[in-house]
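S.K.: Each chain, written out:
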Amino acid sequence: MSDTIVSIRNVTKAFPGGVTAVDNVSIDIEQNEFFALLGPSGCGKTTLLRMISGLETPTGGQIIIGGEDMAYTPPNKRPTNMVFQSYAVFPHMTVEQNVGYGLKVTGVASDEIRRRVGEALEMVKLTALATRKPDQMSGGQRQRVALARALVKRPKVLLLDEPLSALDAKLRDDMRMELTRLQETVGITFIIVTHDQDEALSMASRIAVMDRGAVQQVATPAELYEQPKTRFVADFIGKVNLIEARVHRQIGRKVDCELKGVGRMELVSDNLVGAQVSVAVRPEKLKIASSEPTAAIRVQGKVRDVAYYGDTSHVVIEAADGLNLSVNVQNDTRLGGSGVERGQSIWVYWAPEDSIVLTE
Amino acid sequence: MAAQLKPGQGPLDYGSRTWLKVLFAAIFFVLYAPIITLVAFSFNTDKRGVVWRGFTLDNYTKAWNNASLIEALTNSLVIALIATVFATVLGALTALLMWRFRFPFKGAYEGFMALPIVIPEICMGVALLLFFVNSGMMGLFVALPWPLNLGNIIFAHVTFCFPFVAVVVRSRLVGFNRQLEEASKDLGASEWQTFWSIIVPYMKPGLIAGALLAFTLSLDDFVITFFTSGPETVTFPVKVYSLVRRGVSPEINAASTVLIVITVIATVLAMKLQAPPKADKV
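Protein chains in written order, with numbering that gives the first Met the number 0: chain A, 0 to 359; chain B, 0 to 281.
Excised from the complex, chain B in its bound form (with noise of 0.2 Å):
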């Protein structure tokens, strides 16, 4: 007989082995570091944001009050809200297209539809902007009153936003039962009845998962929004990165924290929202 092995020593045990547990340690570090000091010193006294002086929430009161952050923040939020209602119809849309109908060159769409995931942001920002300017649609947004002005923001944030949208509500569908849709019609309802009291309620966790997705991409973009934001129109990550140039405060700590918290949230949501329901036997 085998000698026996202690708890911790087999072979696919390697959580319980020192070593690794020290890697894992590293390795937390270094990605959870910054962003912890990032947190710790939104609550330091010192002016400067360098050394530790005190606990204070004063920080957080200036952040407030600072009126030029606001706005961006606000700016933020109302773009991130508008671009993910838009993104989320349109890609739960794309998404029961492509699991409904058969169509010519389906897959060439499909991959297509895919291609704002895989391309570099910095030429979807040059791209869109080209598009803006050359198709009049800057100068025509940029004279809009709030929140008009934000227009071309939107747009350029449905456009990278959708297809992430569009890719989780389709692989929730995949599981779909189609004797559910045939069982509803047979049971007298009518295609609209169907879809809203059956396919919909089913595409639900896809789409309240997609939809924070549009949200936290939207929220912290700053690549696109830079290129496509007119002269006058400023949203959070880009006023942040104004401020930074001009030396980091620990005001810009606490709007950062707050945003962490905020994507944070919309993200754990979207994966307990995304993950498979347990004993789906149906």
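Chain A on its own, in the form it takes in the complex (with noise of 0.2 Å):
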């Protein structure tokens, strides 16, 4: 389909003192993107989309943007430009000022800069507050201009560093909303690195989830959290209850497994299995009743912890060998609610194509 805008190839990022922030990555970003590099604090995802930028140079590998291996480019030669998580608007200057900058130092003629400079603000929403300082605005206003600084240089990519971090929920939320339609407007691949699942989930067309310098899965937002890859996908991305199983074989695409606490089963699994794997089935996949179901997976347990969220409530049941299990009962009704008490003895049951084989 589109073309691929920025390829990684076995990037790895060591540090002196024997850290390697990034090991051995590669991933391919396509044209028009809305990318997002996922995962806890300290996994390397900052130190990537750095040495995209250029701030900081792998290692080892290729980072090829627009054709080019630009690895080893310094940050002001690349055609990627960056939204900093503190925003790093310069405040000695106004927002006019900060816009146009990176047009002044390159060269650009001054009328084609304030033809340009005007276009940006106008494209976040600043026009009126062009000549101010940074010190007379707010969070989210400082975040406009980093955005309308970057995005006046026209590059092929935009690299955001955690930019909803700093601001407070409910301009989150705005903020979220303006981001995804200005990557529609541009039409500028955008690279977002954060930590926050939600953001990631709600915003990007692809996520790569890292953990410890690795990539673990590149997906689409549903395919991340419908068929997660290993065991730290599934539990990074959203709730999942892990149940540990044993293969007593495996019979084509499905394997005969013996679940923990639940019993033997045949699962549909795409993964050559070993002895000991994982089931990862997500707390509203489950469904509860209180007399025996007749689904083939079904387990009886005891409720030992009921948190009410409002839309959901959040059940924990205590069923054989100490497994325990989290399902979400929507409150659909006014008067009804859960219907679950804490102490009560419940059954809980799933479909088992809701069931998720993980070997690692």
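Some hints here could point you the wrong way.
The list that follows gives simulated cross-link-like pairs (lysine to any residue, SDA-like), each with its CA atoms no further than 25 Å apart [what the hints assert, rightly or not]:
no., chain 1, residue 1, chain 2, residue 2
1, A, Lys76, B, Glu181
2, A, Lys132, A, Arg113
3, B, Lys203, A, His91
4, A, Lys155, B, Glu180
Calculated directly from the structure, the hints in this document are not laboratory data.
Assembling the complex is the task here: the two chains are given apart, and the hints tell you how they should meet.
M.R.: Have a look at this one:
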């Protein structure tokens, strides 16, 4: 379909002192994508972003931007621009001067600077504040300055380092929609770094989940959620019940396995599996019943905890063999509530196809 | 419920207690009475300058017409200006070096750099005198025409002024957000452009404060100047000293008042610029 704009090939970054922040990472990012690098703090996602921008040089591998290997090109010679976590708006310049800075230093004619700065400010709705200084602006406004300042350069790739982390909840939602809108309008590839799974899931077209310097999985948000490849991804994206299981044998694309605390069953698995696997089930895929259901997978337990969240209740059920299952119950009638109480004996069941067999 | 406290009785309301107010007044009197007297008597009509006889500006005119006093003042100002320029550039570069780079023995170097601040002035004076005499610089400079014959004094002043500039600029740079520098390069600026359009503007308050500090220090320095000046060159503080030995005249009062005013203005400006900016969230 579309062309690759950024191709990261076997990139490694080892810092002096023995810390390998990024370990042999390969990702292809396509034109016009809204791509997210997601992971816990210290997973190497920011280092990877900084290597794409040129602020950090890799100790191995290639970073191909627009068909050219730029792994060792300085940041001022790259077609990428960055929105920094601290915004890094120049405090001694007005909004206009800030936005025009990148054009001025590269020798763009002054009337063209004026025109493009005007356009950029309009795009982020800051035209009225053009002559303000950054210390007279709110965090959200400063972020828009940082955005306009990067976009005015018409980069091939816009890099955003935790762009929403410093904003309050309400502003964060607005900015999230704004970023998606901007990305669609300008048609530039966005690469965003975030530790917030909701941010990544709701904005990105594709996500790379990173852990300890390595990429765990690159997929669309829905794929990551419903078909995680590893225990780490299943656990990091959303909530999950991980049930240990022992494999007896493999029959074609199915495995005959014994789930701890649940029982023996056959589950679909694409992977060639080992003897010991984990079965992941999302809490909202579990159902509860007060009498024994007819479903293939069912387990009886005691309600240990009920946490009320308004729209849903999170119920923790303790079954045999120390197995704890989290179930999300929709509170879909006003007077019914979740219908369960602590200490109550209850049945939990789910469809076999909602089970994900994980080997690593 | 606890008894209500009247305003001024709270544990931290020291400022409104009478005994403390009296103490403050006494301290300020001891500190400033001599200076106020000096300034007041610069407007006195009495020749001997001991008894107040009436208001006049004659002393200022006389001081202005006293060629040797004016020569000394000109020397002092020229020395202070040139020394300030060199001390500021040198101090700023030192501060940048300390802030930006890592190198072996950095800590030791940082300590040695601040030495001129703590060394007793008399030792600095003697050391510089010996240096100038033994290196032959003294004889070299003294033979040159004005203002080059001030070279050794300027040299000495730069030596003790630049560490002050370095300390002030360095403390300013501590608050610099390195992402500003990265953002500048990311937006296409070279190292040089980044230095001049991002780092220098950020250092500016520190540079001005440091420069004013250096200027005041140089302007009223007596000890080091006394040791390092040639026989023919006289600076303002040295001149005042030699005049006072022959008795205080209101002329000196007038000239000193001018010096005080210059120094106070420079110091106030320096303090203003050194104060942390309000609501500096960047």
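S.K.: Each hint should be assessed against the structure and marked as holding or not.
M.R.: Structure-based check of each hint:
1. Restraint check for lysine 76 of chain A and glutamate 181 of chain B: the C-alpha separation of about 13 Å stays at or below 25 Å, so the hint holds.
2. At most 25 Å may separate the alpha-carbon atoms for a hinted pair to count; lysine 132 of chain A and arginine 113 of chain A meet this at roughly 18 Å.
3. As the CA atoms of lysine 203 of chain B and histidine 91 of chain A are separated by approximately 10 Å, the hinted pair is consistent with the 25 Å bound.
4. About 22 Å separates the Cα atoms of lysine 155 of chain A and glutamate 180 of chain B, which keeps this hinted pair within 25 Å; it holds.
Hint compliance for this structure: no hint is broken.
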